[in-house]
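With the hints as extra help, turn the sequences into a complete structure.
So the sequences go chain by chain: A and B. When we follow numbering that gives the first Met the number 0, the leftmost residue of the first sequence carries the number 0, and every step to the right adds one. When we follow numbering that gives the first Met the number 0, the leftmost residue of the second sequence carries the number 0, and every step to the right adds one.
Simulated from the structure, these hints should not be mistaken for lab results. Accuracy of the hints is not assured; some may be wrong.
[Claimed, not checked] 25 Å max Cα-Cα, derived SDA-like pairs, lysine to any residue:
id, chain 1, residue 1, chain 2, residue 2
1, A, K127, A, L515
2, B, K219, A, I375
3, A, K324, B, V201
4, B, K213, A, R296
5, B, K176, A, H280
6, A, K325, B, S217
7, A, K373, B, I207
8, A, K465, B, I207
9, B, K220, A, T312
10, B, K220, A, L508
11, A, K127, B, G223
12, A, K220, B, I227
13, A, K275, B, Q56
14, B, K219, A, L514
15, A, K140, A, T295
16, B, K213, A, A463
17, A, K127, B, F209
18, A, K125, A, K325
19, B, K220, A, N513
20, A, K263, B, E235
21, A, K117, B, S217
22, B, K220, A, N209
23, B, K228, A, N209
24, B, K130, A, F480
25, A, K220, A, D61
26, B, K220, A, S304
27, A, K384, A, G242
What follows is each chain in one-letter form.
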Amino acid sequence: MYECPSCGAGLEFNPKTQKLDCKYCKSSFDPKDLEEKLKDAKGDKGFSVENSKDENGNEKVDVYEAIVYRCTQCGAELITTDETIATFCSYCGSSAVLEKRNETKVAPSYVIPFTKSKEECEQAYKNKLKKAFFAPSDMLKTQQVEKIRGIYMPYWVYSFDKDGEQSNTGSRYSHRVGDYVYYDDYSIKTNIKAGCDGVSHDAASNFADNLSEAIAPFSMKEKKDFSPTYLSGFYADSEDVNGDVYREQCNEIANQQAANELKKDHTYSKYGCKPKVDMNHKETKLGLFPVYFLATRNKAGDRISYAVVNGQTGKVAAEIPIDFKKYLLVSLILSVGLFFLFNGFLTLTPTKIIVISIIFNLISLVISNSQMNKIIAREKMMDDKGNASKNNTTVKKSTSKSSLSLTTGIIAFMVAFGILTGIGNVGKFGIFIAIFSFAFITVIVSLVNNVGKNKPKAKFSEKAPKLLKPFIGLIIAIAIFIWNPVSDVYYYAGAIASIIMTIWSFFDLIKEINLLTTRKLPQLGRRGGDENA
Amino acid sequence: MRKKIISILFILVILMAGNMSYAYNRTSYNTNKYNTYSESYNTSSSYNTTTSTAITQTNGEYQLIIEDDANLLTGSQKELLEQEMAKLTEYGNIIFKSINTNTTTAANFAKSYYNNRFGRQSGTVFLIDMKNRKIYIFSNGENYNKITDSKAETITDNIYEYATDKKYYECASEAYKQILIVLEGGKIAEPMKYISNGVLAVMVALFINFAIFKIATSNKKASGNEQIKECESYFEHTTPVVQRTGSHRVYSPQSSSSGGGGRRRRRRPEAEVVAEATASKIK
Numbered sequence: 000m001y002e003c004p005s006c007g008a009g010l011e012f013n014p015k016t017q018k019l020d021c022k023y024c025k026s027s028f029d030p031k032d033l034e035e036k037l038k039d040a041k042g043d044k045g046f047s048v049e050n051s052k053d054e055n056g057n058e059k060v061d062v063y064e065a066i067v068y069r070c071t072q073c074g075a076e077l078i079t080t081d082e083t084i085a086t087f088c089s090y091c092g093s094s095a096v097l098e099k100r101n102e103t104k105v106a107p108s109y110v111i112p113f114t115k116s117k118e119e120c121e122q123a124y125k126n127k128l129k130k131a132f133f134a135p136s137d138m139l140k141t142q143q144v145e146k147i148r149g150i151y152m153p154y155w156v157y158s159f160d161k162d163g164e165q166s167n168t169g170s171r172y173s174h175r176v177g178d179y180v181y182y183d184d185y186s187i188k189t190n191i192k193a194g195c196d197g198v199s200h201d202a203a204s205n206f207a208d209n210l211s212e213a214i215a216p217f218s219m220k221e222k223k224d225f226s227p228t229y230l231s232g233f234y235a236d237s238e239d240v241n242g243d244v245y246r247e248q249c250n251e252i253a254n255q256q257a258a259n260e261l262k263k264d265h266t267y268s269k270y271g272c273k274p275k276v277d278m279n280h281k282e283t284k285l286g287l288f289p290v291y292f293l294a295t296r297n298k299a300g301d302r303i304s305y306a307v308v309n310g311q312t313g314k315v316a317a318e319i320p321i322d323f324k325k326y327l328l329v330s331l332i333l334s335v336g337l338f339f340l341f342n343g344f345l346t347l348t349p350t351k352i353i354v355i356s357i358i359f360n361l362i363s364l365v366i367s368n369s370q371m372n373k374i375i376a377r378e379k380m381m382d383d384k385g386n387a388s389k390n391n392t393t394v395k396k397s398t399s400k401s402s403l404s405l406t407t408g409i410i411a412f413m414v415a416f417g418i419l420t421g422i423g424n425v426g427k428f429g430i431f432i433a434i435f436s437f438a439f440i441t442v443i444v445s446l447v448n449n450v451g452k453n454k455p456k457a458k459f460s461e462k463a464p465k466l467l468k469p470f471i472g473l474i475i476a477i478a479i480f481i482w483n484p485v486s487d488v489y490y491y492a493g494a495i496a497s498i499i500m501t502i503w504s505f506f507d508l509i510k511e512i513n514l515l516t517t518r519k520l521p522q523l524g525r526r527g528g529d530e531n532a
Numbered sequence: 000m001r002k003k004i005i006s007i008l009f010i011l012v013i014l015m016a017g018n019m020s021y022a023y024n025r026t027s028y029n030t031n032k033y034n035t036y037s038e039s040y041n042t043s044s045s046y047n048t049t050t051s052t053a054i055t056q057t058n059g060e061y062q063l064i065i066e067d068d069a070n071l072l073t074g075s076q077k078e079l080l081e082q083e084m085a086k087l088t089e090y091g092n093i094i095f096k097s098i099n100t101n102t103t104t105a106a107n108f109a110k111s112y113y114n115n116r117f118g119r120q121s122g123t124v125f126l127i128d129m130k131n132r133k134i135y136i137f138s139n140g141e142n143y144n145k146i147t148d149s150k151a152e153t154i155t156d157n158i159y160e161y162a163t164d165k166k167y168y169e170c171a172s173e174a175y176k177q178i179l180i181v182l183e184g185g186k187i188a189e190p191m192k193y194i195s196n197g198v199l200a201v202m203v204a205l206f207i208n209f210a211i212f213k214i215a216t217s218n219k220k221a222s223g224n225e226q227i228k229e230c231e232s233y234f235e236h237t238t239p240v241v242q243r244t245g246s247h248r249v250y251s252p253q254s255s256s257s258g259g260g261g262r263r264r265r266r267r268p269e270a271e272v273v274a275e276a277t278a279s280k281i282k
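Right under this line is the structure:
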């Protein structure tokens, strides 16, 4: 803890004034000035940045002395310069006893100081909760929200540059001869001088990528050279993910940005070229960025959900579960309104209701599939590069097989259309059947092959049990449709059974989504938080 | 891309479903029982395909017509039906028509049958189409404002079982009773409409609320562009130098764009490209 040079009381960093304030004598100090003052004063050098030397006396890295708390329950570590902070583990929410020790830490290159106060972030979080209408009401309890805590999170800050020639190719229409169109090919070269400093990614494995990427970006224009004085009144976390893990992904962002700049030159569009720029990695530096963190344990105490707020911009990312009772109640009220609305204009013929139930079952299959991919990836921590790199697992990605499902879909369309043409039943109904065959086969093949964006996918066998209900619903509806039974009663009964399967699978899905908003308790085996004082 | 394709497909499917159901509007469905009956009927009955069975009555400006070309009703049943139908002539022309032969759909037949005779005048046709084995209610003019597509659908839904059980008089009689109720502003039973709308409303509400929740709680990943805006960056480049390196051709038949195989891209042989290459600087 930094003592006030005037009265000796504790100083705390004030995000509003960007100064260290003394609550007793009301003095304010600039963090950098204070560090200089402390460097000069005897015995206080521990809390300032020092240049350490290696065994040969060469300059190595900047270091500073800090107090490190380690949570005995989850192993998380939190760094502070303030011994008197009221504490509990920010990662597992536990009130277990924290181990405390003094340690020399490598100083990061930058710090972006907190500019939003705790109260502002509490409000931002509450606003997000209010918008999430179906969130459990007890999440808004003041006592809960007050556990929010400012932590300087470690971020890798990448710099990229380019100073040299960039070659691209393009081609444009020239002329046509018979069944062939001729295109001229071009090479387009230019010399580029570009730089991009400050593409960042969190460097802590227990800070989930989906949350850190949602509260990004931080403005690098407000970065300051690191001084431990900024930590006063806050915690800091230390990096445990190698700087190389996110380098490629950040390089891609820099490349894209440079390509967009280059595209502004009309020469490229004129010659049919989508320019690419290969930026070179220059350096990776460590920065501490301000994040407010709130960890809430579930009732059983075995899972945890996080809410984070960007301490510079106030942007919120939170894992919010659905309050099932609230969801059901509001849905029922809405359905009464919809019921009267439908009665005004909608009289469903048996075929219509069967077709509608088929469509809803297909939609339900697609939604269930994408949610199950996310859930299984989260449970296996496949969706977090930082965590995967720590555990030496690889982030599995699906290969792009979308062409396969589309091809099979098109084949199904053509076969259905061919058969219907053959038996002389084209018309609107035939076209509908053909399009339906296309949609059905495309969806099913996509599910089985895990087609989709370049995101981690679960194995089909893992998610199949959860896809069973909408699939059964789909089969019932299709069977009735094909069977074309004598009595309309079968149509209605089949459609209702199929819709009930959809609704049932939806309830299952909500349970799974609620699971997705929580995580397994962290088992970090390294760093810490501490106990509620 | 996949999401876009799938959403387009769903829209198409929904549109098709809408169109299809329109095509079937105001019909009740053909049933096998019905079918079987009509076959036995065909073998056991002698046909009277003329309109000699027709009854025509005029009440003011509106007409009452019974044309039982398919011979489904007995003489006394026709008389009873005529009495029941008489009340409906207050609202418009009222027609009972049964047919054994039909070259088009029941819907088209009823529509052209009515429009050819009465045009846009108020009126309702109740058609039993033995060829397609369908019953159909078509209305026009004032009557159509009350006997809407959905009301006609409900009525045929309520009475189709009589037709299945070969009770054509009861079927027609019940149809006119319900038509009268609707024209007088009363309510008719619509059990399946309410049940299916109810189930559908619950499902749609669950989907809507789910979508609202997902949108409100989504933690959207910051885009690369947003990140770059907050970086310190600079970008300069010299005027691009363009050089023609060769050419290639793409198979693209002029006659048709589909042709099954799509476009086939074929590069010219390397030697050809080299021969064509020019070193002229264009810019």
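Do the alpha carbons of A:K127 and B:G223 lie within 25 Å of each other, as the hint requires? holds, 24 Å
Given the hint that B:K219 pairs with A:L514, does the C-alpha gap stay at or below 25 Å? holds, 19 Å
Is the straight-line distance between the alpha-carbon of A:K127 and that of B:F209 25 Å or less? holds, 17 Å
Decide if the proposed pair is consistent with the structure: B:K220 and A:S304, CA atoms, cutoff 25 Å inclusive. holds, 18 Å
Is the straight-line distance between the alpha-carbon of A:K117 and that of B:S217 25 Å or less? holds, 23 Å
Given the proposed pairing of A:K275 with B:Q56, does the C-alpha separation stay at or below 25 Å? Cα-Cα ~84 Å, so violated.
Below or equal to 25 Å on CA atoms is what counts here, so check A:K140 against A:T295. holds, 12 Å
Holds or violated: B:K228 and A:N209, Cα atoms, limit 25 Å. With a Cα-Cα distance of about 20 Å, the restraint between B:K228 and A:N209 holds, given a limit of 25 Å.
Given the proposed pairing of A:K324 with B:V201, does the C-alpha separation stay at or below 25 Å? Status holds; Cα separation ~15 Å.
Quickly compare the C-alpha distance for B:K220 and A:L508 to 25 Å and report which way the hint goes. holds, 23 Å
Hinted pair, alpha-carbon criterion (25 Å max): B:K220, A:N209. Please report holds or violated. With a Cα-Cα distance of about 7 Å, the restraint between B:K220 and A:N209 holds, given a limit of 25 Å.
Hinted pair, alpha-carbon criterion (25 Å max): A:K325, B:S217. Please report holds or violated. Answer holds: A:K325 to B:S217 is near 19 Å, not above 25 Å.
Hints 5, 13, counting from the list given before, are not met by this structure.
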